[in-house]
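Chains U and W supply the protein sequences, listed in that same order.
Position 11 of the first sequence, counted from 1, bears residue number 11 in the numbering used here, the numbering being contiguous throughout.
Position 98 of the second sequence, counted from 1, bears residue number 98 in the numbering used here, the numbering being contiguous throughout.
Hints are computed from structural coordinates only; laboratory data are not their basis.
Errors might be hidden in some of the hints.
With a Cα cut of at most 30 Å, we get these calculated DSS-like pairs of lysine-lysine [to be verified]:
#	chain 1	residue 1	chain 2	residue 2
1	U	Lys-69	U	Lys-22
2	U	Lys-102	W	Lys-69
3	W	Lys-17	W	Lys-71
4	W	Lys-65	W	Lys-18
5	U	Lys-77	W	Lys-17
6	U	Lys-58	U	Lys-69
7	W	Lys-71	U	Lys-49
8	U	Lys-69	U	Lys-49
9	W	Lys-65	W	Lys-17
10	U	Lys-49	W	Lys-17
11	U	Lys-22	U	Lys-58
12	W	Lys-71	U	Lys-22
13	W	Lys-17	W	Lys-57
14	U	Lys-102	U	Lys-22
15	U	Lys-69	U	Lys-102
16	W	Lys-65	U	Lys-102
17	U	Lys-102	U	Lys-58
18	U	Lys-77	U	Lys-49
19	U	Lys-49	U	Lys-102
20	U	Lys-102	W	Lys-71
21	W	Lys-71	W	Lys-18
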Amino acid sequence: AQSVAQPEDQVNVAEGNPLTVKCTYSVSGNPYLFWYVQYPNRGLQFLLKYITGDNLVKGSYGFEAEFNKSQTSFHLKKPSALVSDSALYFCAVRPFSGGYNKLIFGAGTRLAVHP
Amino acid sequence: EAQVTQNPRYLITVTGKKLTVTCSQNMNHEYMSWYRQDPGLGLRQIYYSMNVEVTDKGDVPEGYKVSRKEKRNFPLILESPSPNQTSLYFCASSLIAGGPQETQYFGPGTRLLVL
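Chain U with its partners taken away, still in its complex shape (with noise of 0.2 Å):
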């Protein structure tokens, strides 16, 4: 069955530091891969997606992830943490299979960043 795994319910990280939200994914073929993020109260905002070609994707607010083929992995990383990066991440994965455009969510992993 195709699915996403975001292995972490929370990721605390002092202001400052650098800081890493896992995602791994199960589906078959080549995916395409997002990240959203969902504040409080608010709806989900993209970040970034990779689609093809360099591993290493930047998107808002100072985001980068870093797809990994052989590890199924696409990783969301930044390298000084801020407070009002404290929010809901969600990794997602478009399949090749299935309805159009559907995305398959990760179950989220809250981000909490102290001052």
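Place chain W on chain U using the hints.
For chain W alone, kept in the frame of chain U given last:
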């Protein structure tokens, strides 16, 4: 401003009382979709639409209906809501012309409580 809007944002209802959640986008997107978000499960697709009068089931369509009479609107209908439909609902839209790599844009969400 390009956006996806949903109404209402919050709704409390009782079992069996029909309700409709509206979704509208002003980006001339062909593709629209409904998701529900539940703790620990991420977002799951309910229904999607490729264009006017073209709709199809997602992963969790039971108990829901949709319609697409106009390109900009994609209402979600619960004919006889039940407590297990208590959830946070998101509408999303995207272009089709660019293929499945197109980014989906999400509305602010509708929090539904069925008593």
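Each hint tested on the structure:
Using a Cα cut-off of 30 Å, the hinted pair U:Lys-69 and U:Lys-22 holds, with the two alpha carbons roughly 14 Å apart. Pair hint U:Lys-102 plus W:Lys-69 holds up; C-alpha atoms about 21 Å apart against a cutoff of 30 Å. Taking the CA atoms of W:Lys-17 and W:Lys-71, the gap is about 27 Å. The hint holds against a cut of 30 Å. Using a Cα cut-off of 30 Å, the hinted pair W:Lys-65 and W:Lys-18 holds, with the two alpha carbons roughly 11 Å apart.
Between U:Lys-77 and W:Lys-17, the direct Cα distance comes to roughly 45 Å. Violation of the 30 Å bound is thereby established for this hinted pair. Straight-line distance between C-alpha atoms of U:Lys-58 and U:Lys-69 comes to about 17 Å, which keeps the hinted pair within the 30 Å bound. Taking the CA atoms of W:Lys-71 and U:Lys-49, the gap is about 26 Å. The hint holds against a cut of 30 Å. Proposed proximity of U:Lys-69 and U:Lys-49 is supported: the alpha carbons are some 15 Å apart, at most 30 Å.
Restraint check for W:Lys-65 and W:Lys-17: satisfied, since their Cα atoms lie roughly 14 Å apart, inside the 30 Å limit. The suggested pairing of U:Lys-49 with W:Lys-17 is violated, with an alpha-carbon distance near 40 Å, which exceeds 30 Å. Using a Cα cut-off of 30 Å, the hinted pair U:Lys-22 and U:Lys-58 holds, with the two alpha carbons roughly 16 Å apart. Restraint check: the Cα-Cα separation between W:Lys-71 and U:Lys-22 comes to about 37 Å, which exceeds 30 Å; the hinted pair is violated.
Annotation: proposed proximity of W:Lys-17 to W:Lys-57 holds, straight-line Cα distance about 23 Å (limit 30 Å). Using a Cα cut-off of 30 Å, the hinted pair U:Lys-102 and U:Lys-22 holds, with the two alpha carbons roughly 21 Å apart. A threshold of 30 Å between alpha carbons decides the hint, and for U:Lys-69 with U:Lys-102 the separation of about 21 Å falls inside it, so the pair holds. For the hint pairing W:Lys-65 with U:Lys-102, the CA-to-CA distance comes to about 18 Å; that is within 30 Å, so the pair holds.
Taking the CA atoms of U:Lys-102 and U:Lys-58, the gap is near 23 Å; set against the 30 Å cutoff, the hint holds. Using a Cα cut-off of 30 Å, the hinted pair U:Lys-77 and U:Lys-49 holds, with the two alpha carbons roughly 13 Å apart. Straight-line distance between C-alpha atoms of U:Lys-49 and U:Lys-102 comes to about 15 Å, which keeps the hinted pair within the 30 Å bound. Simply put, U:Lys-102 and W:Lys-71 have alpha-carbon atoms about 19 Å apart, close enough for the 30 Å limit, and the pair holds.
Proximity of W:Lys-71 to W:Lys-18 is assessed by CA-CA distance (about 24 Å); at most 30 Å being required, the pair is judged to hold.
When each numbered hint is compared with the structure, violations occur for hints 5, 10 and 12.
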